[in-house]
Amino acid sequence: MDTEPNKKDESGQNVVFMDTTLIQRAMEGLQKSKEEFQSLLERSELDDASAWYDLAVRFAEGDGTELDTKQALHWMERAAEQEDPRALDVMGRWYQAGYGVDEDPGRAVEYFSRAAEQGYPPAVCDLGLAYENGYGVESDKVRAAELYAQAAEQDYAPAVCNMAVCYLNGIGVEEDPERALELLHQGAESNFARSQSILGSLYRDGRSVEQDSAKAIRWIRLAADQRHPPAICDLGLAYEQGDGVEQDAARAVELYRQAAELGHAPAQCNLGYCYLTGLGTAQDSGSAAKWFRLAAAQGYPRALRLLGCMLQDGNGMEKDEVKAAQLFTQAAERDYPPAVCDLGLCYETGSGVVKDDEKAARLYRRASDAGYAPAMCNLAVCYLNGIGVEENLSAALEWLQKAAGQNLARAQSILGDFHRDGRGVDTDPALAVELYTKAAEQGHAPAQCSLGLCYEMGTGVPEDAPAAVMWYTRSAEQGHAPAQCNLAVCYLNGIGVERDDAKAVEWLEKAAEQDFPRAVNLLGNCLRDGRGAEADASQAVSLYRRAAQRGVPAAMSSLGLCYEMGQGVERNLEAAADWYAKAAEQDYAPGMCNLAVCYLNGLGVDKDPVRAVEWLEKAAAQDFSRAQSILGSCYQDGDGVEPNEGKAFDLFFLAADGGYPPAMCSLGLCYEMGRGVAVDKAEAVEWYTKAARLGDESAACNLGYCYLTGIGTEKDPVRAVEWLTQAMEGGSLRATSLLANCYKQGSGVKKDEARAVELLTQAADRGYASAQCNLGLCYEMGQGVAVDKARAVKLYSQAAQQGNDTAQCNLGYCYLTGIGTGKDLAKAVLWLERAAEQGSSRALDLLGDCYKDGTGVKKDQEKAKEYYRRAAALGNQDSIATLKKLDEAPGPQKKSFLSKLFGK
Numbered sequence: 003m004d005t006e007p008n009k010k011d012e013s014g015q016n017v018v019f020m021d022t023t024l025i026q027r028a029m030e031g032l033q034k035s036k037e038e039f040q041s042l043l044e045r046s047e048l049d050d051a052s053a054w055y056d057l058a059v060r061f062a063e064g065d066g067t068e069l070d071t072k073q074a075l076h077w078m079e080r081a082a083e084q085e086d087p088r089a090l091d092v093m094g095r096w097y098q099a100g101y102g103v104d105e106d107p108g109r110a111v112e113y114f115s116r117a118a119e120q121g122y123p124p125a126v127c128d129l130g131l132a133y134e135n136g137y138g139v140e141s142d143k144v145r146a147a148e149l150y151a152q153a154a155e156q157d158y159a160p161a162v163c164n165m166a167v168c169y170l171n172g173i174g175v176e177e178d179p180e181r182a183l184e185l186l187h188q189g190a191e192s193n194f195a196r197s198q199s200i201l202g203s204l205y206r207d208g209r210s211v212e213q214d215s216a217k218a219i220r221w222i223r224l225a226a227d228q229r230h231p232p233a234i235c236d237l238g239l240a241y242e243q244g245d246g247v248e249q250d251a252a253r254a255v256e257l258y259r260q261a262a263e264l265g266h267a268p269a270q271c272n273l274g275y276c277y278l279t280g281l282g283t284a285q286d287s288g289s290a291a292k293w294f295r296l297a298a299a300q301g302y303p304r305a306l307r308l309l310g311c312m313l314q315d316g317n318g319m320e321k322d323e324v325k326a327a328q329l330f331t332q333a334a335e336r337d338y339p340p341a342v343c344d345l346g347l348c349y350e351t352g353s354g355v356v357k358d359d360e361k362a363a364r365l366y367r368r369a370s371d372a373g374y375a376p377a378m379c380n381l382a383v384c385y386l387n388g389i390g391v392e393e394n395l396s397a398a399l400e401w402l403q404k405a406a407g408q409n410l411a412r413a414q415s416i417l418g419d420f421h422r423d424g425r426g427v428d429t430d431p432a433l434a435v436e437l438y439t440k441a442a443e444q445g446h447a448p449a450q451c452s453l454g455l456c457y458e459m460g461t462g463v464p465e466d467a468p469a470a471v472m473w474y475t476r477s478a479e480q481g482h483a484p485a486q487c488n489l490a491v492c493y494l495n496g497i498g499v500e501r502d503d504a505k506a507v508e509w510l511e512k513a514a515e516q517d518f519p520r521a522v523n524l525l526g527n528c529l530r531d532g533r534g535a536e537a538d539a540s541q542a543v544s545l546y547r548r549a550a551q552r553g554v555p556a557a558m559s560s561l562g563l564c565y566e567m568g569q570g571v572e573r574n575l576e577a578a579a580d581w582y583a584k585a586a587e588q589d590y591a592p593g594m595c596n597l598a599v600c601y602l603n604g605l606g607v608d609k610d611p612v613r614a615v616e617w618l619e620k621a622a623a624q625d626f627s628r629a630q631s632i633l634g635s636c637y638q639d640g641d642g643v644e645p646n647e648g649k650a651f652d653l654f655f656l657a658a659d660g661g662y663p664p665a666m667c668s669l670g671l672c673y674e675m676g677r678g679v680a681v682d683k684a685e686a687v688e689w690y691t692k693a694a695r696l697g698d699e700s701a702a703c704n705l706g707y708c709y710l711t712g713i714g715t716e717k718d719p720v721r722a723v724e725w726l727t728q729a730m731e732g733g734s735l736r737a738t739s740l741l742a743n744c745y746k747q748g749s750g751v752k753k754d755e756a757r758a759v760e761l762l763t764q765a766a767d768r769g770y771a772s773a774q775c776n777l778g779l780c781y782e783m784g785q786g787v788a789v790d791k792a793r794a795v796k797l798y799s800q801a802a803q804q805g806n807d808t809a810q811c812n813l814g815y816c817y818l819t820g821i822g823t824g825k826d827l828a829k830a831v832l833w834l835e836r837a838a839e840q841g842s843s844r845a846l847d848l849l850g851d852c853y854k855d856g857t858g859v860k861k862d863q864e865k866a867k868e869y870y871r872r873a874a875a876l877g878n879q880d881s882i883a884t885l886k887k888l889d890e891a892p893g894p895q896k897k898s899f900l901s902k903l904f905g906k
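According to the numbering used here, the sequence shown is numbered sequentially starting from 3.
Heads up, a few of these hints could be off.
[As the list claims (entries may be wrong)] Keeping only pairs whose Cα atoms sit at most 25 Å apart, straight-line, the calculated DMTMM-like set for lysine to aspartate or glutamate is: (1) K361 to E393; (2) K404 to D359; (3) K584 to E619.
Just so you know, the hints here were simulated from the structure itself, not pulled from any lab data.
Assemble the whole structure, with the sequences as input and the hints as a guide.
Given below as C-alpha cells:
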C-alpha cells in the first residue's frame, strides 16, 4: 500500500458492468441523463455558472451526450470566469494533467488558489498537494500540511487522509503516529477508500499499530470494493502471500489484473511478475513484458527495473544490455534501491555501460545507505576484494553483518565462510553452520553446498554423510556447479549414498557444462577409467586439457600422466614432464611427486636425482604419502641423497600411517630385512598383510612368500597360494613366477607342471627375468613342456642380459657344455664371472673347476681354491667337498659337471 507522500492520482476510473439488471438500470439512467442534459442546455442560456459547470462535466464524461473535450473546456472556463469554486478546481486539475489544454502546473496553482480563497475544500486540498510535491510552486511541506488541515477541518475526506499521511511520515509536521491513526480511522469510517486502504496496510505491516491481519484485510477489502486500485492490488498481494486470507495465487492474479486495468502501476508490475514467474497463471514472458512496459511508462521504478532484468537476460525478448542499463538508470533516478544496486552491478561488470568499479562501489553504497541488503552484500565484496574501493576487511565484515541481519541469504553464506575459515573473525565452525543453515533454508544454493560440506567433513556439526548428500542435492538441482560436482563425488565414492558411477557422471556432465573446472577434471578421470561411462582416453585428454587451461593443477598432472603413458594422446615424455612442472609450480603435491619421478628416471628431462629429492621433499612436506614413500626409497638407496636407512624407515612409516599401501609394503621389508630398524619378521608380516588387504600386489606377493617359506609366520602353502594369486591378478610378475613354482612343486596347490609353464610364460613374455630363467630350465629339462634346449638358451640369455645371476650361471654352463648351443668356453667364463660377481655360489664353484682344469682359462690351482673358498663361504656343498678332497689328496680332481647342474 502506498503510504508515501501524497501524489496526484492519474489513474482512470472506468468500470464495465456485465450484470443484466445493472445494464437495464444503466439504460434507464442513460435516458434520464439525456433528459437532464437537455435541461442543462436550456439553463446554459441563462447566466448560471452552476449550469455551465454541470454541462462541462456532462461533456467531459459523455453523460447524456457524446464526449466532447472542447465543449467541456468551453463551459468549464465560462463557469470558472464566474469564480465558481468547483470549476476553478477542475480547471486547475485539467491544467495539471494536460486535459484539453497544454500541461501548465503554474496555471493549475493559480486556479487552485482562486478556489481555495473561497474555502472550497477540494481546491484547498489540491493546492496543498501542489505545495507538497513542488508542482507549479516551490515545494513547501509545512504550507502543504496547513492547507490539508484547513480542508480536513471541513471533513473533506481526501484532505483528512493526506493529513494522516503527513503525520505518519513527518511531512510538514512532527511525526505523530497516533494522530495519523485517528485521522485514518476518521476517513475510513466515512468510507473514504484511500484511508481504508492505508489503514489496512498499517495493520498488515504492524506499523504504528499492533499487527492484525484480520483488520488489515477488512479495511483493504472495503477499499477494494470501491474499486480503489491500490487496495485491489494490496488484496491481491494478501492472496499471493496467504496473509490474512487463504493463499490463492490465481485469485491474486485476478485482483492484480483488475487494478492493472484501472491503470495502477504497482498492480501492472505485480501482474507482470506473475506472468514472468508463472505464479497463479501460465508463465508468459511476452505478457510479463507487456505489463512491465505499461507500469514503466508511468515511471514505476520496480517495473523499470524488472523490464531491465528481462532485457539484460534476454528473457522473452532480444537481449539488450545497453537498454537494460538505461532502464536501471531511470529507476535509480527515482531512488529505487534495487535498481541502484543493479546499475552498480552493470558498472562493475561492464554490462551495457563502460566498466567503472569506483562508480559501481558508489552506487552500492547509495543503495546500502537506503537499507537495501543485496547492495550491502555487494559493497562488502567490493571491500573484500578491493573493487572500486581500498581493500578493507573490517568494512566488508560490517556490511556483511548488516545484510545478514536483514536475513539476506548470500550475506549469511559469505559470513559463514568467514567464521568457518577464521577470516577477520575468530574461527567458529558452529556459527558458520548456523549461518549456512539460515541461508540454505531460504534456498540459497551456495549455502546449501557449504552446509553439505560441513556435514560431510564434520565441520561445526557432527559428521552426517546422508545429510551432506541431501544438501548437495538441493543445491545441485538449482544448477549450482560446485554442489553438482560434490554430489558426483559422493556417488563415485558411496559417501552417504549407494555408489552409482552412472549418476556421478550425469552430475559431473551438468557441472562441466557450466565449465566448472574440478568437474571437468573429474569427468576426465571417469572417461579415462571407464567409470559410469564408456572409456574414452582421447576425450579424457580433451577434458584434462580444458581443466588444465583453467588452472586446475590436478588436471595438469593427469594430462602429464596421459602424455607419459600414451593414453589418449601420442606418448611424449617431454610434454609429460612439462605438465607435471606446471602442476608442481602451483604447489600441487601429486604434480611435484610425478615431476620428481621424471628426474629420478630421466623421463622427458635429464636424469637429476638431486632435483628429484628437492621436489619429493616439497611434496612430502604436504603429507603426500606417495612422495614420502618414494623419498624413503631415495634415502634407502642413496639416490640423490646420502644413504640413511633410519630416515628411510621414518618416511616409510609416515606414508604407511597415511594409508599408502606401497609404503606399508616397504615398511614390512624394512622389518623383514632389518633396514633402519631391528629385524622383526612378524611385524613385517603384519605390514605386508595391511598393504595386501588394501590391494597392493607387491605386499600380497611378499606375504605369499612369507607363508610359503615361513618368514615371520607358520608355513602355510595354501594361504601362500591365495595371496600369490591375488598379487598375480594385480599384475605382479614375481607373484606369477612364484605361483608357477607352487604348481611345479605342488606346494599349496595340486602339482601341475603344464600350468607352471603357462604361468612362467606369462611372466617371461612380460620380461620378468626370474620367470625367463625358470622357464628356460623347464625347456632344458622337459618339465611341463617338450625339451627344447635352444629355447632354454634363448630364455637364459634374455634373463642374463637383465642381470639375473642364476640365468647368467645357467647360460655360462650351457656355453661350457654345449647345451642348446655350440660350446664357447670364452663366453662360458664371461657369464660365469658375471654371475659370480653377484654372489652366485654355483657360478663360483664352476669357475673354480674351470681354473682347476684349465677350461676356458689358464690352469691356476690357487685361483681355483679361491673360487671354491668363496663358494663354500656361501654354503655351496660341492665346493666344500672339493676343498676337503684337495686338502686330503692334493692333485687334479675331476668332477662331473652334470652333477653340479642344479647345485648352488
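Checked hints:
1. Note on K361 and E393: the hinted pairing holds, with a Cα-Cα distance of about 16 Å set against a maximum of 25 Å.
2. For the given pair, K404 sits about 22 Å from D359 by alpha-carbon distance, which is consistent with the 25 Å threshold.
3. With a CA separation close to 17 Å, the supplied pair K584 and E619 stays within the 25 Å bound.
Of the numbered hints given earlier, the model fails none.
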